[in-house]
Amino acid sequence: PYTMLLPRLVLSSPSTLILGLVAAGIIIKVDAFHTTLRTVSTSTLPKCATPTFVLGEKRRYQPPTKLYMSYNDDEDDDDDDIIDPNELGDWRQFRMNLAETGLSSASTTLEEGWIEEEEENGMSPSTSSDGINSSSMDNNIENDKKEKRPKSVSKKNEELLLSQNEQLANEYITGVWAHEAPVPEVGGLVCRLPLEAEIYRNERRSGIGKKLRNYLESDEYDSTPVKTNRKDEEEEQRGSVSFSPLAAKTVFWYRGAQNLVKKELEKITSSAQNGRIDPSSLSKDSQELLQLYLENQDTWQEVCLVAERDEQNGKTTTLVLNRPMAFKVTEMLGRLVLFGANANENASQAERLGPFLTAFGTDCAIYVGGPDGMGEPSTMIHGIKDLPGSKEISPGLGVYMGGIDAAVSGVLAGKYKPLDFRFFVGKHVYKDGNLDAQVLLGKYQPIACARSLALKQCIQLPKPLWHEVLELCGGELKEISSLELMKRVDLGVE
Numbered sequence: 017p018y019t020m021l022l023p024r025l026v027l028s029s030p031s032t033l034i035l036g037l038v039a040a041g042i043i044i045k046v047d048a049f050h051t052t053l054r055t056v057s058t059s060t061l062p063k064c065a066t067p068t069f070v071l072g073e074k075r076r077y078q079p080p081t082k083l084y085m086s087y088n089d090d091e092d093d094d095d096d097d098i099i100d101p102n103e104l105g106d107w108r109q110f111r112m113n114l115a116e117t118g119l120s121s122a123s124t125t126l127e128e129g130w131i132e133e134e135e136e137n138g139m140s141p142s143t144s145s146d147g148i149n150s151s152s153m154d155n156n157i158e159n160d161k162k163e164k165r166p167k168s169v170s171k172k173n174e175e176l177l178l179s180q181n182e183q184l185a186n187e188y189i190t191g192v193w194a195h196e197a198p199v200p201e202v203g204g205l206v207c208r209l210p211l212e213a214e215i216y217r218n219e220r221r222s223g224i225g226k227k228l229r230n231y232l233e234s235d236e237y238d239s240t241p242v243k244t245n246r247k248d249e250e251e252e253q254r255g256s257v258s259f260s261p262l263a264a265k266t267v268f269w270y271r272g273a274q275n276l277v278k279k280e281l282e283k284i285t286s287s288a289q290n291g292r293i294d295p296s297s298l299s300k301d302s303q304e305l306l307q308l309y310l311e312n313q314d315t316w317q318e319v320c321l322v323a324e325r326d327e328q329n330g331k332t333t334t335l336v337l338n339r340p341m342a343f344k345v346t347e348m349l350g351r352l353v354l355f356g357a358n359a360n361e362n363a364s365q366a367e368r369l370g371p372f373l374t375a376f377g378t379d380c381a382i383y384v385g386g387p388d389g390m391g392e393p394s395t396m397i398h399g400i401k402d403l404p405g406s407k408e409i410s411p412g413l414g415v416y417m418g419g420i421d422a423a424v425s426g427v428l429a430g431k432y433k434p435l436d437f438r439f440f441v442g443k444h445v446y447k448d449g450n451l452d453a454q455v456l457l458g459k460y461q462p463i464a465c466a467r468s469l470a471l472k473q474c475i476q477l478p479k480p481l482w483h484e485v486l487e488l489c490g491g492e493l494k495e496i497s498s499l500e501l502m503k504r505v506d507l508g509v510e
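Residue numbers (this note's numbering): 17 to 510.
FYI, nobody ran anything at the bench for these hints, they're computed from the structure. Errors might be hidden in some of the hints.
To be verified - Below, a list of computed lysine-lysine pairs in the DSS-like style, where the Cα atoms sit at most 25 Å apart:
| no. | residue 1 | residue 2 |
| --- | --- | --- |
| 1 | K227 | K300 |
| 2 | K503 | K279 |
| 3 | K344 | K227 |
| 4 | K300 | K226 |
| 5 | K401 | K447 |
| 6 | K344 | K331 |
| 7 | K331 | K171 |
| 8 | K172 | K226 |
| 9 | K344 | K279 |
| 10 | K171 | K479 |
| 11 | K300 | K331 |
| 12 | K300 | K279 |
| 13 | K172 | K503 |
| 14 | K407 | K447 |
| 15 | K226 | K283 |
| 16 | K172 | K344 |
| 17 | K407 | K172 |
Unchecked claim - Computed beta-carbon distance windows for the label pairs:
| no. | residue 1 | residue 2 | range |
| --- | --- | --- | --- |
| 18 | K226 | K433 | 44 to 54 Å |
| 19 | K226 | P371 | 27 to 37 Å |
| 20 | P166 | G377 | 11 to 21 Å |
| 21 | Q303 | K171 | 26 to 36 Å |
| 22 | K407 | Q109 | 19 to 29 Å |
Treat the numbers as computed from the prediction; the structure is a model and nothing was measured. The beta-carbon is built from N, C-alpha and C at its ideal position, and this holds for glycine as well.
When you get a sec, could you build the whole thing from the sequences and use the hints?
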């Protein structure tokens, strides 16, 4: 179910093929299924018969350990060359650079290396039969999506980062990037989508989603509500939805979902007796909406770092980046961070606790990483390559986990600053491919990003991290962020 076709590429050489595979995030694990890629000689073929490679994408985004390729040179067909992916450099940045060039399945000239290909099913998973699709609008929407993503979305956030970590801030300012990804990948993010987007994206699999589709197609729905008071005008001013076909389509389904949710919640609350709601008395659609609503409230606008992922058993661990817990460390909190809630006190703990409190006592960033493993020692994330005791969470990423004792020593020696590190108490643990299922159901959006975006602190940000990430992605996610921003009366517009 997680296999999709790549656009057909015209590739001129084996090296182009390898770079194309890495850029597209294709993982070829030779230890799992040996794969040999062969080129076809074009000397005997007419120009119109230039060979193409139609490749199935295994939707995995950890870098491969080995790639095997053989070239048909009529002399030696069987010699396999091993290519070390580390020699290819930063494959994530390379993939982003490809995306920035605008190359996509919509670029259809042979000179550009792409062959036009219609979607097999006639509709992408995120496309709704909302009654406003047309060939010209779809083309305009594709053009909107190809526009270059913004490189800066909040000067105030950048200034705050400069005061916390100058080196990381310079890296962020000169090279931050983010874009949508089809599946979660280690070192990337997953962002919780608003309820309206979840219902819209899951219209084919849920009753309330089908109800939304019918509502959007009906005469009952008016996507342009009349402003009746000053509050509505203020909401419009807070948001910054752009004027484009993509923005118009996003507003269309978002407002429809918003209206539907409001009506359904009114139905649910009207069934309350003595201030209590009996879920068993609700209709199937109302029960579904109530469950979706409560789940969404629990994980509202989470931005999570994918820290670990096992493709074999479907287990994924994520850390919530935007749930600050404390900025100073007491003795009790220090014990929780270092040893967990269930550790027995002993002399060795006391030896470690003292230096930790000295190093991080007055300046520390501790976050609630998720509901699982709350009693375990915290997870420390940082970007310091040579820190003893740490490990890179994915090769070439530049994001590291662990090494608390070395961090304490480094801070005490003045080598590092306390805010070079982030501590997470708890985590999200997904088993049996559950995170992939939640992505499929429209609850989370996977995002590939620069390490500076994943490493930056989330402490009293002028623009919330969730909005920052979605705006950097551009496209539909940027429009969703703008619509959600209209609800925030507590935030000033930058």
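Cross-check of the supplied hints:
1. K227 - K300: holds, 12 Å
2. K503 - K279: holds, 18 Å
3. K344 - K227: Cα-Cα ~48 Å, so violated.
4. K300 - K226: holds, 13 Å
5. K401 - K447: Violated, at roughly 30 Å.
6. K344 - K331: violated, 33 Å
7. K331 - K171: Distance of about 37 Å is beyond 25 Å: violated.
8. K172 - K226: Violated, at roughly 41 Å.
9. K344 - K279: The given pair, whose Cα atoms are some 44 Å apart, is violated under the 25 Å limit.
10. K171 - K479: holds, 9 Å
11. K300 - K331: violated, 31 Å
12. K300 - K279: holds, 15 Å
13. K172 - K503: Roughly 21 Å between the alpha carbons, so the hint for K172 and K503 holds.
14. K407 - K447: Given pair K407, K447 holds - Cα atoms ~23 Å apart, limit 25 Å.
15. K226 - K283: holds, 18 Å
16. K172 - K344: With Cα atoms ~23 Å apart, K172 and K344 stay inside 25 Å; holds.
17. K407 - K172: With Cα atoms ~32 Å apart, K407 and K172 exceed 25 Å; violated.
18. K226 - K433: 44 to 54 Å: holds, 53 Å
19. K226 - P371: 27 to 37 Å: Distance hint for K226, P371 is violated at roughly 59 Å.
20. P166 - G377: 11 to 21 Å: violated, 38 Å
21. Q303 - K171: 26 to 36 Å: Check failed, 45 Å falls outside 26 to 36 Å.
22. K407 - Q109: 19 to 29 Å: Roughly 21 Å apart at Cβ, these two residues keep to the hinted range, so it holds.
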